[in-house]
Amino acid sequence: MPKHDAIVIGGGHNGLVCAAYLARAGRKVLVLERRERIGGAAVTEEVFPGFRFSVFSYVVSLLRPEIIRELELPRHGLHILPLESTLTPLPGGDYLAQWNDHDQNRRELARHSLRDAEAYDEFGLMLHQMARAVKPLLAMAPPDPASLSLRELGGLGRLGRYFRSLSKAHFNRLMKLLTMSSADFLDEWFETEALKATKSASGIIGTLAGPRSPGTAYVLLHHYMGELDGVFRAWGFARGGNGSVSAAIAAAARAAGAEIRCSAPVQNVVLRRGSARGVVLENGEEIEAKLVVSGADPRRTFLQLVGEKHLPAEFIESIRRFRFRGASAKVNLALGELPDLTCLPGRGPHLRGAISISPSVAYLERAYDDAKYGEPSREPYMDIVIPSLLDPQMAPPGKHVMSIFVQYAPYQVNGGWTDARRETLGETVVNTLSQYAPNLKKAILYRQVLTPADIERTVGLTEGNIFQGELTLQQMFFLRPVPAWAKYRTPLAGLYQCGAGTHPGGGVMGASGRNAALQILGRA
Amino acid sequence: MNRAIIIGGGVDALVAAQVLTRAGREVMVIESESAEPDDGWVPPWVLRELRIDDLHLEWPDPWLVIPLPDGGRLELWRDMARSAESIRRLSPRDAEHWPAFCERMARLARFLEAVYAAAPPDPLSPGFALRARRLGRQGLADLLRLLPMPVADLLDDWFETDALKGALGAAGILHLLQGPRSGGTAFRLLHHHISCPPGVFRPPRSNIRGLLRRLPRVELQGTEVLHILVRAGAVAGVVLKDGRELAAPVVVSSADPRRNLLELVEPGWLDPELARALRHVRRRGVAARLRLELDRSPGFSALALAPSLDYLERAYDDAKHGRLSRQPYVEVRCDERHRVEAVVQYTPYGVDCRDLSEKVIALLAEHWGDAQPQQAELSAPHELEKFEGWPEGQPHHAELALDQALWMRPLPELAHYRTPIEGLWLCGPAMHPGAGIAGASGLNCAHAILGR
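Chains A and B, in that order, give the protein sequences.
Start counting the first sequence at 1; every next residue gets the next number (this note's numbering).
Start counting the second sequence at 525; every next residue gets the next number (this note's numbering).
It is worth saying that the hints were derived from the structure and are not from the lab.
Just so it is clear, CB atoms sit at the ideal spot from N, CA and C, and this is done for glycine as well.
One thing to keep in mind: the hints can contain errors.
Unchecked claim - Residues from chain B shown here face chain A by an in silico Cβ test under 8 Å; the list is partial:
1. Ala665
2. Gly708
3. Asp841
4. Arg847
5. Gln851
6. Leu926
Please take these sequences and the hints and turn them into a complete structure.
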């Protein structure tokens with residue numbers, strides 16, 4: 001008899017969530033993490049002495065409230081510090097700020113456009129309704145639309161009934177939102193360029209598409225989902241960086257009896273008579289288990305860990321067609337002093353929020369134009385936070401850490417990613433940002449640049465795609481990652497998937513891990 | 525009174541007029557002068573209903589010639605095997621994939637064709653779900669995946685030849701302000717594939733309008749409607765340009781819905797929410813039309829300058845930022861009398877197209893040998909708006925994008941041809957299925973009026 005009921009490959013947040021749920025149900029679970037630390041892309045590392053960074057993912061908001069509740073994450077050390085604002089500096093020296101505080105926000109928007117200030121509340125309400133409409137789908141294992149089994153038909157029937165239970169107006173709006181471009185969608189509401197650009201930027205994050213490409217409006221909604229529960233949880237930092245999200249989930253898993261091993265890279269999944277029966281580590285050690293759950297992305301799972309010869313040709317064909325195309329990079333800066341913004345000089349509350357370099361939709365499109373043809377954006381979109389202002393333990397006293405999400409930096413860059421290319425990207429980011437904060441260059445003590453190739457190499461996300469596969473309509477729900485295999489199962493008995501490459505996809509959300517565990521436990 | 529007034533002389537309007545006439549209504553068609561030579565494909569169910577059996581379809585063969593950078597030509601024929609031969613010279617692998625690709629696309633097009641034969645489906649109805657399931661596992665997966673996809677991704681899945689991908693990708697972006705890498709463009713390739721035999725991805729032309737005009741019992745007037753009269757929330761008739769008032773309890777309009785409901789109808793009858801939604805119906809014209817005559821045969825009947833997906837995408841990049849494409853996508857048809865009609869994309873609405881004509885002729889001259897062009901006339905989108913009544917130069921009246929298709933065409937509230945104003949009905953290219961499927965929305969609209 002195998003010692004373990006289940007092996008979870010990969011100690012990213014979804015793997016840990018899955019392990020925690022399985023362990024709480026009394027299963028003996030072993031998590032195997034390739035790196036020396038858990039967390040996957042949700043890690044905190046002291047990259048430079050005294051400076052601690054959320055190296056990859058850097059904010060929390062999408063983490064499902066039911067997971068926080070059921071795994072009692074606050075008891076295991078999770079503490080979220082809210083981000084209060086988003087500031088968009090503009091080239092002419094002006095800025096647009098969006099505040100969580102309603103009245104402050106309205107005053108600021110009215111400065112740019114009275115009409116937009118009027119529309120903002122209604123827009124917020126509408127997105128809120130849409131997010132509510134989508135929310136039940138996040139916790140659902142997508143039924144197989146082509147199956148004739150009663151169980152699947154039942155699932156489809158429930159899905160149909162659910163959509164029919166929405167008001168017609170809501171359903172239609174949701175359908176439009178799924179099929180529109182974020183730029184067109186926002187054009188229907190607002191006229192201020194910087195507002196439209198900053199909002200539509202949520203629609204392109206992680207995807208090699210411009211804000212005018214249909215399908216991006218849904219990604220915008222996906223990123224809005226976090227503002228749903230609680231009074232205004234919005235976007236925030238985990239105290240101690242995003243590694244502490246992983247640490248809290250791991251603590252919950254361990255408390256329930258799960259075992260977590262780091263520096264244990266899996267070589268391949270062991271198959272006996274067509275079912276997964278365990279794994280072999282790179283050092284040759286074989287570990288048996290009744291079932292194997294992979295938190296790695298679909299390409300890695302099926303083409304590397306399993307091997308295509310063990311899978312049906314059609315399935316492999318679909319896996320090959322599942323698209324990744326990482327589009328974003330990360331730059332982490334250790335700063336000797338705070339950036340001094342031309343548009344809002346000095347140390348103000350605006351620095352405690354996000355800073356978005358997205359002056360216009362055309363700016364974002366131009367950034368995308370470069371990437372389409374295999375070049376990093378000459379003037380990239382950036383989403384910037386300074387966590388050390390909210391959480392002093394991230395940097396030495398008086399000093400700061402700055403996290404910069406950069407888009408577009410295409411994985412398929414002309415000539416491939418080299419050290420020189422990486423440094424050029426770093427220069428581009430710093431130069432672009434210096435236009436808005438002239439003291440930045442002299443404030444930089446250290447700089448870390450992570451290209452999509454670096455992200456792939458370090459945390460194993462194929463092509464550096466932060467969602468484990470593009471989050472586009474053709475790769476969502478029924479189709480994520482492959483038609484007929486969207487229910488966390490695979491063509492091999494005993495092999496399951498729990499990563500963001502499954503429904504509902506990426507962001508530090510945890511829903512894939514939870515849904516997979518509930519499927520395995522037969523409780524979905 | 526059982527009079528019905530039809531606004532517009534397009535195929536949809538004429539089909540609606542015929543159906544209503546045959547149902548015993550007294551029909552009046554009001555149209556301003558416009559003389560387009562021919563129109564697109566007409567679905568067989570429309571022909572059946574009107575008992576038209578002498579439709580002439582103009583279908584060039586090869587249906588497309590694509591000049592190659594090295595001076596050669598890729599020729600796509602109605603005969604799949606012959607196309608494969610031509611493709612094989614560029615890529616044996618693509619030639620091998622061609623029949624399977626054509627077969628799978630044809631299957632999906634047949635499904636869409638069936639959907640287009642009636643008023644837009646209710647996506648949540650069991651009937652629609654059952655019909656979709658009849659596609660089988662692979663067909664259903666193909667459909668769900670294909671609809672929201674960029675046409676570039678679809679073609680990259682199947683082929684490696686730039687010229688082939690350019691030629692097919694162009695069908696995904698024709699008359700749309702999107703590039704082949706934009707989501708939803710694969711759906712358009714499928715849309716324009718409807719009616720075609722497997723392996724043909726350009727719709728034919730037909731003489732349908734001429735045939736419809738010859739049918740009896742329809743009154744035509746060379747005038748224009750100034751207003752649609754509304755009394756107590758119901759249509760009362762129309763006011764013509766010359767000041768005459770015609771009373772009618774039913775008015776069917778094939779003008780674009782935005783103009784129709786926001787300009788022809790007195791403001792105030794519409795719910796402000798609906799008016800706002802209408803103002804956001806996208807209908808951006810992106811193509812100019814070039815017509816000329818050649819003194820001899822150019823050696824092709826259909827030719828496309830779309831050498832690669834990147835070429836098309838770059839052409840779109842210019843348009844996206846409000847400029848004329850420096851290297852436009854050009855698609856040309858030439859008839860037996862050497863009359864040439866070319867679509868030149870992208871030419872955003874309102875952008876100066878003065879030197880474009882010479883430029884395009886220079887591009888094309890490389891491909892038509894010694895033939896000499898005469899009487900070249902280029903119409904920019906704003907001219908097409910003025911002379912053809914295409915809003916912003918957009919021949920589909922409402923861009924055919926996924927969020928403006930099927931039960932959302934042009935808006936969910938208007939998709940069933942009915943408006944909130946009693947007795948006022950909509951047909952035309954902006955209504956489901958519209959956009960090049962000539963006559964179908966007119967038929968569906970007339971059926972809705974007659975309660976069929």
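How the hints compare with the structure:
no.: 1; hint: Ala665; verdict: 4 Å, holds
no.: 2; hint: Gly708; verdict: 4 Å, holds
no.: 3; hint: Asp841; verdict: 5 Å, holds
no.: 4; hint: Arg847; verdict: 12 Å, violated
no.: 5; hint: Gln851; verdict: 14 Å, violated
no.: 6; hint: Leu926; verdict: 4 Å, holds
The structure shown violates the earlier hints numbered 4, 5.
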